[in-house]
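J.: Listed here are the chains, written in short residue letters.
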Amino acid sequence: MSWIVIQQSVPVFAQAFWLTLKLSFYGIIGAIILGLIASFLRYFKVPVLRQISAVYTEVSRNTPLLIQLFFIYYAFPEIGIKMSATAAGISGLIFLGGSYMAEAIFGGLKGVAKIQVESGLAIGLSRWQLARYVVFPQGLTLSVPAIAANVIFLIKETSIFTVIAIPELTNTALDQIGLYYHTDESLFVLVIAYAIILIPLSLILTWLERRARRGAFGN
Amino acid sequence: MHSGISILFAGQNFSRLLGGLWISAKISIVSLVIGIALGILLGALRTVKNPILRVILRLYLEFFRIVPTVVLLFLFYYILPKNFNVNLNAQAVAMLVFALWVGAEMSDIVRGALISVPQHQCEAGIAIGLNGPQLFRYVLLPQAIGLMIPATINLMTRVIKTTSLLLLISVMDVINIGQQIIEANRQTHPDGAFWVYGLIFILYFLLCYPLSAWARHLERQQDNNA
Amino acid sequence: MATPLLQVEHLEKSYGDVHILHDINLTVATGSVTVLLGPSGSGKSTLIRCLNGLEDFQSGQLTFSGEPVTPSPKVWQKLRQKIGMVFQSYDLFPNLTVLDNILLGPLKVQHRAKAEAKEQAIKLLKEVGLADYQDSYPRQLSGGQKQRIAIVRALALNPDFMLFDEVTASLDPEMVRGVLEVLRNLAQQKMTMLVVTHEMNFAREIADQVVFLEEGHILEVTPGKQFFENPQTERAQIFLNSMDF
Ligand SMILES: Nc1ncnc2c1ncn2[C@@H]1O[C@H](COP(=O)(O)OP(=O)(O)OP(=O)(O)O)[C@@H](O)[C@H]1O
Ligand SMILES: [Mg+2]
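Protein chains in written order, with the working numbering: chain A, 1 to 219; chain B, 220 to 445; chain C, 446 to 690.
FYI, nobody ran anything at the bench for these hints, they're computed from the structure. One should not assume that every hint holds.
Quick list of in silico lysine to any residue cross-link-like pairs, SDA-like style, CA-CA up to 25 Å [as the list claims (entries may be wrong)]: (1) B:Lys-301 / A:Gly-178; (2) A:Lys-45 / C:Thr-472; (3) A:Lys-82 / B:Leu-418; (4) A:Lys-110 / B:Ser-431; (5) A:Lys-110 / B:Asn-444; (6) C:Lys-559 / A:Arg-132; (7) C:Lys-553 / A:Ala-131; (8) C:Lys-523 / A:Arg-132; (9) A:Lys-114 / C:Gln-555; (10) A:Lys-156 / B:Phe-295; (11) B:Lys-301 / A:Lys-114; (12) C:Lys-559 / A:Ala-131; (13) A:Lys-110 / B:Gln-353; (14) B:Lys-268 / B:Ala-403.
Just so we're clear, the structure is a prediction, and the values are computed from it rather than from any experiment.
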């Protein structure tokens, strides 16, 4: 392994690093919004929309991101929906992540104690007020560790964007290998780059989980 | 110009696609069997109170958790032959990587289930004179296994979904064959991608959905009994 | 006799195939304290939860302040402002401060002016000796303190009727007295109350009438003093003998 080669490749990887972060950011924000919508539909038992969101969740969770991306990027144009690779990547990540976020959020809402709901009813809160002041604030807090775990999962999934030639980290490493045969160096930098993003997040996750287990809401 | 869906049934196309799916299934099964066995062993070892062992196993887990599976595949695919002179074909590399990855994830599932068995159960076992392995075999494992099953089934669906990455190290899996079919029929079926990727999408769903529905069913049962 | 605050007629309640409450008839006079006694599993909690709509029942008629109750989510939501309830487990909302817990109902349900509601909340907090805790979160309080605040939260809606389901059962012994003191004061202020408790000395002291429930049947309804000295049924006598007081 050559140190010089590593140094020389840093600028290229730095660009890919930011791109990975940027794509992850948009994808995760979109996934959280989609997840909130899906879990609200389920919580409020909204007719029809709730069934649609259940079907979406199953399809999204039981198919691989890679084939979701292929479908969005290669098959959609054939029915008249064209988008750039980047847009396809972000859309794919949102489609995949939305269902994982929905499960995390709904899990939190379900975790709110029954007695909390009953004491809300006992002081005359309506169903909407109960959600607004009792179930959502507590449930969303409970779902934070699961959401954080999904954040890590989704960032890792961006490595699959390489199949539609988005120049994120993995794609850049493969490029470097293909162009210059700097196999060891490129893979080394690649692993380090993911470690820089994911180790701090994984430490935060461990901390969140520990806090959740101790009961952030010792009532 | 044909109607698009006919691309799936022209010539040997359909059986070729199923053949590709079988390769993915084979790799999943082999790596799950090896990985789950490895994970049970490592998970049990992770409950042993030896600090060095713990650190090593934790590092192993974290490495396989943090590095994306795509990257793991490339690491083994490029580095084994080049730096260790081990020449495996792409399918064997995939089985190795998936087995190690499953082992890591499984060790965490096993450990989590084992430490959730109440302490007094162990003490009761010790009190009747059981030794370490006996305690594991007769007290801990039977009580923990129910907790492990849903997570293990979910891990299976993750492995199946991850086989979609085999394409990247040139395994002739269902997606790779699908791409070839689309290319070969570009002239006659310009909309081939829609039908071929659509079929593969459905095939993956048909493999994964029953498993995740089963896992959810078991989880519900456990919640109700709790 | 004036109109009773609450009248229960022929109430029947089952969970699936299991019949829990049989032909419950009960009258609660305005300003009186009714103590509901009975062995564990006899249906006390189930009955009290039927009275503010947390459980639905198969048949029977409730009449509140002379108005027949037609059970529906809307009706119950209105009525619950008039019927306060406190549970055995400490059930404050952990995401809100003490003051916000108390004000949630008055502000969001009753849409009262903030200044006025807050003034009342602080007055109530003073009465239960917890004026200094208005900005604390529930996790910073002891069980007994939380239970007193749960009572204040219910009182802040100015209810006509209060339901208490074993509010001291989960408390450490030294916490029990403060909570019972609050109930005692309420009784003196002529709050109409239905109380489930296992504190027999306290029950004897405050009960205007005792309702004795066993296996879902009301076996007797007897004036308080008389029940403890000379219950009408043998079952009640056995129950009293089994209690340690
Ligand atoms: N949700 C439920 N589903 C089915 N059965 C129930 C349910 N809740 C209570 N029961 C049954 O109803 C009966 C009465 O229960 P309830 O909680 O009202 O008794 P209780 O008199 O309050 O007892 P305790 O003194 O232990 O609080 C019990 O046999 C109980 O098992
Ligand atoms: Mg009870």
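J.: Please go over all the hints and tell whether each is borne out by the structure.
T.: Here is how each hint holds up against the structure:
no. : hint                  : result
1   : B:Lys-301 / A:Gly-178 : holds, 15 Å
2   : A:Lys-45 / C:Thr-472  : violated, 39 Å
3   : A:Lys-82 / B:Leu-418  : holds, 20 Å
4   : A:Lys-110 / B:Ser-431 : holds, 19 Å
5   : A:Lys-110 / B:Asn-444 : holds, 17 Å
6   : C:Lys-559 / A:Arg-132 : holds, 19 Å
7   : C:Lys-553 / A:Ala-131 : holds, 13 Å
8   : C:Lys-523 / A:Arg-132 : holds, 19 Å
9   : A:Lys-114 / C:Gln-555 : holds, 24 Å
10  : A:Lys-156 / B:Phe-295 : holds, 18 Å
11  : B:Lys-301 / A:Lys-114 : violated, 59 Å
12  : C:Lys-559 / A:Ala-131 : holds, 22 Å
13  : A:Lys-110 / B:Gln-353 : violated, 38 Å
14  : B:Lys-268 / B:Ala-403 : violated, 59 Å
Comparing the model with each numbered hint stated earlier shows that hints 2, 11, 13, 14 do not hold.
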